[in-house]
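Chains as they are written, first to last, in my numbering: chain A, 1 to 230; chain B, 1 to 230.
Take the hints with a grain of salt, since some may be wrong.
[Unchecked claim] Quick list of in silico lysine-lysine cross-link-like pairs, DSS-like style, CA-CA up to 27 Å:
(1) K18(B) x K199(B)
(2) K210(A) x K21(A)
(3) K108(B) x K139(B)
(4) K52(A) x K16(B)
(5) K73(B) x K21(A)
(6) K16(A) x K222(B)
(7) K210(A) x K16(A)
(8) K52(A) x K222(A)
(9) K210(A) x K52(A)
(10) K18(A) x K222(A)
(11) K199(B) x K73(A)
(12) K16(B) x K73(A)
(13) K73(A) x K18(B)
(14) K16(A) x K204(A)
(15) K73(A) x K21(B)
(16) K73(B) x K18(B)
(17) K16(A) x K16(B)
(18) K210(B) x K52(B)
(19) K108(A) x K16(A)
(20) K108(B) x K73(B)
(21) K73(B) x K18(A)
(22) K52(B) x K16(B)
(23) K199(B) x K210(B)
(24) K52(B) x K204(B)
(25) K18(B) x K52(B)
(26) K108(B) x K21(B)
(27) K199(A) x K16(A)
(28) K210(B) x K16(B)
(29) K108(B) x K52(B)
(30) K199(A) x K73(B)
(31) K73(B) x K52(B)
(32) K16(B) x K204(B)
(33) K16(A) x K73(B)
[Unchecked claim] Okay, the calculated beta carbon distance ranges per label pair:
(34) E126(B) x A137(A): 19 to 27 Å
(35) D133(A) x D107(B): 55 to 63 Å
(36) A137(B) x N217(A): 42 to 50 Å
(37) Q53(A) x P46(B): 17 to 25 Å
Derived from the structure by calculation, the hints contain no laboratory data.
Note that the coordinates shown come from a computational prediction; the quantities given were computed from them, not determined experimentally.
Glycine included, each C-beta is placed from N, C-alpha and C at the ideal position.
Number of protein chains: 2
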Amino acid sequence: MENATGIVFAADIVDKRKLLKTVEEVSPYVEAIKIGNVGLLEYGWPIIQMIKQCTERPVIADLKFMDIPDMAKIASEKIVQYGGDGIMVCGPVGGDAIAVCKTVLSDKIVIVFTQFTHTTGLITDEMANEYIDLALALKCTAVQVPGTLPNRVRAARERVRDQMLIISCGVGAQGPVIGSAVAEGADYEIIGRYIYDPKSPFEKPAAAAKSAQAQINEIASKHGSRARSE
Amino acid sequence: MENATGIVFAADIVDKRKLLKTVEEVSPYVEAIKIGNVGLLEYGWPIIQMIKQCTERPVIADLKFMDIPDMAKIASEKIVQYGGDGIMVCGPVGGDAIAVCKTVLSDKIVIVFTQFTHTTGLITDEMANEYIDLALALKCTAVQVPGTLPNRVRAARERVRDQMLIISCGVGAQGPVIGSAVAEGADYEIIGRYIYDPKSPFEKPAAAAKSAQAQINEIASKHGSRARSE
Chain A
1 MENATGIVFA
11 ADIVDKRKLL
21 KTVEEVSPYV
31 EAIKIGNVGL
41 LEYGWPIIQM
51 IKQCTERPVI
61 ADLKFMDIPD
71 MAKIASEKIV
81 QYGGDGIMVC
91 GPVGGDAIAV
101 CKTVLSDKIV
111 IVFTQFTHTT
121 GLITDEMANE
131 YIDLALALKC
141 TAVQVPGTLP
151 NRVRAARERV
161 RDQMLIISCG
171 VGAQGPVIGS
181 AVAEGADYEI
191 IGRYIYDPKS
201 PFEKPAAAAK
211 SAQAQINEIA
221 SKHGSRARSE
Chain B
1 MENATGIVFA
11 ADIVDKRKLL
21 KTVEEVSPYV
31 EAIKIGNVGL
41 LEYGWPIIQM
51 IKQCTERPVI
61 ADLKFMDIPD
71 MAKIASEKIV
81 QYGGDGIMVC
91 GPVGGDAIAV
101 CKTVLSDKIV
111 IVFTQFTHTT
121 GLITDEMANE
131 YIDLALALKC
141 TAVQVPGTLP
151 NRVRAARERV
161 RDQMLIISCG
171 VGAQGPVIGS
181 AVAEGADYEI
191 IGRYIYDPKS
201 PFEKPAAAAK
211 SAQAQINEIA
221 SKHGSRARSE
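All chains should be modelled from the sequences, with the hints used to inform the complete structure.
Shown next, in the form of structure tokens:
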């Protein structure tokens with residue numbers, strides 16, 4: 001990821017033509033592309049390769065992986081095989097499964113999902129802290145922390161200090177304004193609908209992405225982004 | 001699922017021709033087919049439809065779903081669209097996401113995953129109990145409980161009494177002998193490698209499946225299967 005602060009684009013678009021076109025158009029304004037299970041299950045692993053052909057940004061397979069180490073190995077190998085640059089793995093899988101992802105993906109991106117954005121998810125703050133500590137111990141690239149819970153972003157930043165990236169989901173359409181998670185200490189914000197389903201005054205995804213990038217940059221320069229403050 | 005006790009076949013086979021052929025051959029001896037992320041991510045949702053054409057058994061999409069309710073809706077709708085008969089959803093997603101699966105899948109199969117078979121998974125017995133209670137409250141079809149943890153199968157049976165099915169994973173290749181989970185109170189055992197990668201004296205998956213079915217039936221008649229003992 002090129003810049004110290006910015007957008008991970010959640011490319012949750014089912015229509016393949018629209019998905020690939022949108023990725024291509026918004027790539028100048030985002031730091032990475034995240035392809036979730038909506039797209040992965042629609043088209044299978046080859047969609048990673050297709051997206052790679054439309055962008056120079058890293059492509060992260062957001063499997064929200066939740067299975068045994070044997071399956072973590074298979075999934076990670078598939079991501080590598082299809083040219084992907086990273087995986088999102090759920091904290092509850094524990095150290096062995098995350099370590100398998102780390103080993104297979106080598107110097108690529110391993111993000112540990114720590115907590116849900118929806119309030120009825122059953123991961124407590126204490127459990128999320130355990131996953132954050134585990135990600136830190138295993139030298140993962142980042143933890144995903146909900147942008148809908150500003151106190152959790154702050155807590156995660158205090159916990160990981162400058163040792164790990166924080167990527168915040170749920171920003172934009174789910175409520176929190178663009179830049180709010182970065183203001184609390186996140187490095188990147190995962191933004192989907194705000195970009196691929198742009199509302200007035202934005203007529204196109206690229207315009208929404210460009211504006212979101214500018215908003216995040218402004219917040220980062222105001223609050224001093226983590227990278228800048230070091 | 002036709003019989004009160006038996007096998008859920010874990011069809012974790014990557015090669016499509018072998019996958020479909022194996023499903024067809026073992027169907028007479030199993031109660032349901034479970035297609036996991038290995039197969040789903042290789043071929044996308046259409047693999048559900050292809051499997052349905054090879055079997056009259058229910059086909060369960062084992063997504064180990066771990067995401068927000070909005071995504072649960074999309075995933076469940078896709079399973080219905082492609083003719084699937086059920087979903088596996090992870091307990092930590094909580095009540096709202098599981099309820100969405102229940103609503104969209106209607107009278108189909110909703111199984112709540114409660115705990116890992118690998119020892120480094122970070123779901124405690126207390127957390128698993130919470131997921132079991134939730135599945136019970138939401139009138140889900142079944143809970144998945146590790147066959148590798150006999151005490152957990154017994155505890156789950158005491159907890160759900162005759163109100164919900166128990167499906168045990170990790171039986172066969174991961175260690176526990178065929179029938180051991182049913183002996184502890186499970187209704188079905190998820191069996192994969194033992195069947196699709198048969199060891200001597202079995203030359204073919206169907207022979208391994210037939211033998212596993214006979215072993216489970218023998219155990220059930222000896223211990224009195226849950227359904228029979230009511």
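Taking the hints in turn, this is what the structure says about them:
1. Our distance criterion of 27 Å between C-alpha atoms is met by K18(B) and K199(B), whose separation comes to about 17 Å.
2. The suggested pairing of K210(A) with K21(A) holds, with an alpha-carbon distance near 16 Å, which does not exceed 27 Å.
3. The hinted pair formed by K108(B) and K139(B) meets the criterion: a straight-line CA distance of about 12 Å does not exceed 27 Å.
4. Annotation: proposed proximity of K52(A) to K16(B) holds, straight-line Cα distance about 25 Å (limit 27 Å).
5. Using a Cα cut-off of 27 Å, the hinted pair K73(B) and K21(A) holds, with the two alpha carbons roughly 25 Å apart.
6. Restraint check for K16(A) and K222(B): not satisfied, since their Cα atoms lie roughly 54 Å apart, outside the 27 Å limit.
7. The hinted pair formed by K210(A) and K16(A) meets the criterion: a straight-line CA distance of about 22 Å does not exceed 27 Å.
8. Between K52(A) and K222(A) the CA atoms are separated by roughly 34 Å; this puts the pair beyond 27 Å, and the hint is violated.
9. Proximity of K210(A) to K52(A) is assessed by CA-CA distance (about 21 Å); at most 27 Å being required, the pair is judged to hold.
10. Note on K18(A) and K222(A): the hinted pairing is violated, with a Cα-Cα distance of about 35 Å set against a maximum of 27 Å.
11. For a cut-off of 27 Å, the pair hint linking K199(B) to K73(A) stands: about 23 Å separates their Cα positions.
12. With a C-alpha separation of about 20 Å, the suggested pairing of K16(B) with K73(A) holds against the 27 Å cut-off.
13. Restraint check: the Cα-Cα separation between K73(A) and K18(B) comes to about 21 Å, which is no more than 27 Å; the hinted pair holds.
14. This hinted pair checks out: K16(A) and K204(A) have alpha carbons roughly 17 Å apart, not beyond 27 Å.
15. Restraint check for K73(A) and K21(B): the C-alpha separation of about 25 Å stays at or below 27 Å, so the hint holds.
16. This hinted pair does not check out: K73(B) and K18(B) have alpha carbons roughly 31 Å apart, beyond 27 Å.
17. For a cut-off of 27 Å, the pair hint linking K16(A) to K16(B) stands: about 23 Å separates their Cα positions.
18. Our distance criterion of 27 Å between C-alpha atoms is met by K210(B) and K52(B), whose separation comes to about 21 Å.
19. For the suggested pair K108(A) and K16(A), the alpha carbons sit about 25 Å apart, so the restraint of at most 27 Å is met.
20. Taking the CA atoms of K108(B) and K73(B), the gap is about 14 Å. The hint holds against a cut of 27 Å.
21. As the CA atoms of K73(B) and K18(A) are separated by approximately 21 Å, the hinted pair is consistent with the 27 Å bound.
22. A hinted pair counts as satisfied when its Cα atoms are at most 27 Å apart, and K52(B) with K16(B) qualifies at roughly 13 Å.
23. Note on K199(B) and K210(B): the hinted pairing holds, with a Cα-Cα distance of about 14 Å set against a maximum of 27 Å.
24. For the hint pairing K52(B) with K204(B), the CA-to-CA distance comes to about 21 Å; that is within 27 Å, so the pair holds.
25. The straight-line distance between the Cα atoms of K18(B) and K52(B) is roughly 15 Å, inside the 27 Å bound, and the hint therefore holds.
26. With a C-alpha separation of about 25 Å, the suggested pair K108(B) and K21(B) falls inside the 27 Å cut-off, and the hint holds.
27. The suggested pairing of K199(A) with K16(A) holds, with an alpha-carbon distance near 21 Å, which does not exceed 27 Å.
28. The hinted pair formed by K210(B) and K16(B) meets the criterion: a straight-line CA distance of about 22 Å does not exceed 27 Å.
29. Between K108(B) and K52(B), the direct Cα distance comes to roughly 15 Å. Compliance with the 27 Å bound is thereby established for this hinted pair.
30. Taking the CA atoms of K199(A) and K73(B), the gap is about 23 Å. The hint holds against a cut of 27 Å.
31. At roughly 22 Å between alpha-carbon atoms, K73(B) and K52(B) fall within 27 Å of each other, so this suggested pair holds.
32. Annotation: proposed proximity of K16(B) to K204(B) holds, straight-line Cα distance about 17 Å (limit 27 Å).
33. Our distance criterion of 27 Å between C-alpha atoms is met by K16(A) and K73(B), whose separation comes to about 20 Å.
34. Distance hint check for E126(B) and A137(A): the Cβ-Cβ separation is about 23 Å, which falls inside the suggested range of 19 to 27 Å.
35. Evaluation of the 55 to 63 Å hint for D133(A) and D107(B) yields a failure: the beta carbon distance comes to about 43 Å.
36. Distance hint check: the CB atoms of A137(B) and N217(A) are about 47 Å apart, consistent with the given range 42 to 50 Å.
37. Separated by about 22 Å at the C-beta atoms, Q53(A) and P46(B) satisfy the suggested range of 17 to 25 Å.
Hint compliance for this structure: hints 6, 8, 10, 16 and 35 are broken, all remaining hints hold.
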